[in-house]
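S.K.: Spelled out, the chains give:
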Amino acid sequence: MTADKRMTADEAVSRLESGMTIGIGGWGSRRKPMALVRALLRSDVTDLTVVSYGGPDVGLLAAAGRVRRLVAAFTTLDSIPLEPHFRAARQRGELELTELDEAMFMWGLTAAAHRLPFLPVRAGLGSDVMTAWPELRTVVSPYEDGEELVAVPALTLDAALVHLNRADARGNAQYLGPDPYFDDLFCEAAREAYVSCERVVDSAAFAELGGPQTLLVRRACVNGVIEAPGGAHFTSCAPDYERDEAFQAAYARAAADPAAWREFTGRFLSGDEADYRAAVADFTREAA
Amino acid sequence: MSATRAEVCAVACAEAWRGDGEILASPIGVLPTIGARLARLTFSPDLLLTDGEALLIADTPALGAKAAVVEGWLPFRRHLAMVSGGRRHVMMGASQLDRHGNQNISRIGAAARPARQLLGVRGAPGNTVNHPTSYWIPRHSPRVLVERVDMVCGVGHDRAAAAGPPATRFHRIPRVVTDLAVLDFATPDRTMRVRSLHPGVTAEELCAATGFPLDVPAGVPRTRAPNAEELRLIRDVLDPDALREREVRA
Chain A
7 MTADKRMTAD EAVSRLESGM TIGIGGWGSR RKPMALVRAL LRSDVTDLTV VSYGGPDVGL
67 LAAAGRVRRL VAAFTTLDSI PLEPHFRAAR QRGELELTEL DEAMFMWGLT AAAHRLPFLP
127 VRAGLGSDVM TAWPELRTVV SPYEDGEELV AVPALTLDAA LVHLNRADAR GNAQYLGPDP
187 YFDDLFCEAA REAYVSCERV VDSAAFAELG GPQTLLVRRA CVNGVIEAPG GAHFTSCAPD
247 YERDEAFQAA YARAAADPAA WREFTGRFLS GDEADYRAAV ADFTREAA
Chain B
201 MSATRAEVCA VACAEAWRGD GEILASPIGV LPTIGARLAR LTFSPDLLLT DGEALLIADT
261 PALGAKAAVV EGWLPFRRHL AMVSGGRRHV MMGASQLDRH GNQNISRIGA AARPARQLLG
321 VRGAPGNTVN HPTSYWIPRH SPRVLVERVD MVCGVGHDRA AAAGPPATRF HRIPRVVTDL
381 AVLDFATPDR TMRVRSLHPG VTAEELCAAT GFPLDVPAGV PRTRAPNAEE LRLIRDVLDP
441 DALREREVRA
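Protein chains in written order, with the numbering used here: chain A, 7 to 294; chain B, 201 to 450.
Keep in mind that the hints were calculated from the coordinates and are not lab data.
Note that this is a predicted model, so its numbers are computed, not measured.
Yeah, the Cβ is synthetic: ideal placement off N, Cα and C, and Gly gets one too.
Where hints are given, some of them may not hold.
Some chain A residues close to chain B (C-beta under 8 Å, calculated; not the full set) [unchecked claim]:
(1) Phe80
(2) Thr81
(3) Ala109
(4) Arg128
(5) Gly130
(6) Gly132
(7) Ser133
(8) Asp134
(9) Asp185
(10) Phe188
Next comes chain A alone, as it looks inside the complex (with noise of 0.2 Å):
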């Protein structure tokens, strides 16, 4: 019998350490593992390289200092196009970043999740991604069309961190809205993989809800399993929620002040998962 890998959010980020390479997965604001990342917040681990189709998760931890280097094609909300708070960071200078296309970014996620040095594709060339990454080499076709391309070298990481709809104790995760998004190759692509979920089901409880293509991510490649409700909060997760419209609109609101931000730190991401939800219904109650 596998083992049972659930655990809590703090047990999971317990087994991060500073200076590690953790991929994020989602997409701009959409089904962002908050819960994990607000866990992150709450221990004391640091310079990161975070590897992100960057949203919130990028810019609460840039905001808290805890990236030395981001990898990504781009930070957004989605619906408020940029993020303040990767913006901010990024303009005092305390980020680096490592810019690679959309495309570039998959293959090289794709390359680590098949144990290879890189995967070659065309875009990049001539754009100043080229420049801006200085280790990033060009790669002949070893065929008749002999066409250079460029390689993009392997992004392996050491920690994956996703949020799907359901999971079995054992690591089976499944997705239930309409794009998985990149989360199965973020976990296939780490040495160690953590997915947090809506809920925990029995195995048996997948085919009632979809068919068995939503069951994206594999158990032999999580080390836990997290239920944490709402973990994806203030991000979208559907078809279980949408995205939290106003809440992510007093995010935004507060990065333009530092005291604004402190007191919004102070309101919502002083305490635990349980406190953090609480603060948040008392935000929708008085918004109401």
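Knowing the structure of chain A, use the given hints to seat chain B on it.
M.R.: Below, chain B without anything else, positioned relative to chain A:
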């Protein structure tokens, strides 16, 4: 009934996809979205469109409205395959764009400490070397149409040529639509050229709003106005809330 500037822009955006056949039209922004949908409802009926998320939609609803018929699944990873496969024509924005068609959406200023950090390169490097990429600029100004961009995200003609045949093989920038004019790169040295001036815009006005020398030939045509059917589709079907008038003011 005369068309507003925004309505002229909607048709100019739509024209970018004329003759494109059965490919994915990827509009970024309000006017390009109206344009792509208008193109599909009129002269380019075979275009594929998404709901802005993971679904290909078979009907053509108003901005913000939910599609009734889904004809396909296009999550981000498959979208990236469509980019590489070339069956796509995107119309992107640009924080900066130069005369060679180099586009920047990443940052203003130096890499280590930008004066303004913007979105990031997104898919622009891949789009531009894989399939047609047009640009939409809702506010034509010397701050956007610049001598030199701070970071090349979308690849222009000079940079593609310098990178060699693998970069030029599928590189194409069909047109740039702004709130003042339609431009393209059909010149011997592949630099920007005025294709048409929108009604009411003077050559002087356009040159003053452009941060590099731009030749406006005498007798350059006017951008065509929408016909009655196009106006009806824009106003009654695609954008009944007139969001277009907020992106491009009259």
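S.K.: Closer than 8 Å between Cβ atoms is the bar; does A/Phe80 clear it against chain B? Give me holds or violated.
M.R.: Check passed: Cβ of A/Phe80 comes within 4 Å of chain B, closer than 8 Å.
S.K.: Let's test the interface hint: is any C-beta of chain B closer than 8 Å to that of A/Arg128?
M.R.: 5 Å, holds
S.K.: Tell me if A/Asp134 is really an interface residue toward chain B, meaning its C-beta lies closer than 8 Å to one of theirs.
M.R.: Cβ of A/Asp134 sits 4 Å from chain B, so the hint holds.
S.K.: Does A/Gly132 meet its interface restraint, that is, does its C-beta lie within less than 8 Å of any C-beta in chain B?
M.R.: Hint holds; A/Gly132 Cβ to chain B Cβ min 4 Å, cut 8 Å.
S.K.: Is the shortest C-beta separation between A/Asp185 and chain B less than 8 Å?
M.R.: 4 Å, holds
S.K.: Hold the hint about A/Thr81 up to the distance rule: shortest CB distance to chain B must be less than 8 Å.
M.R.: 6 Å, holds
S.K.: Would you settle whether the hint for A/Phe188 is holds or violated, based on the nearest Cβ-Cβ distance to chain B being less than 8 Å?
M.R.: 6 Å, holds
S.K.: When the nearest CB of chain B is found for A/Ala109, is that gap smaller than 8 Å?
M.R.: With Cβ-Cβ at 5 Å, under 8 Å, it holds.
S.K.: Holds or violated: is the Cβ of A/Ser133 closer than 8 Å to a Cβ in chain B?
M.R.: Nearest chain B Cβ about 4 Å off; hint holds.
S.K.: How about A/Gly130: closest beta carbon in chain B under 8 Å, or not?
M.R.: 5 Å, holds
In this structure, every one of the numbered hints holds.
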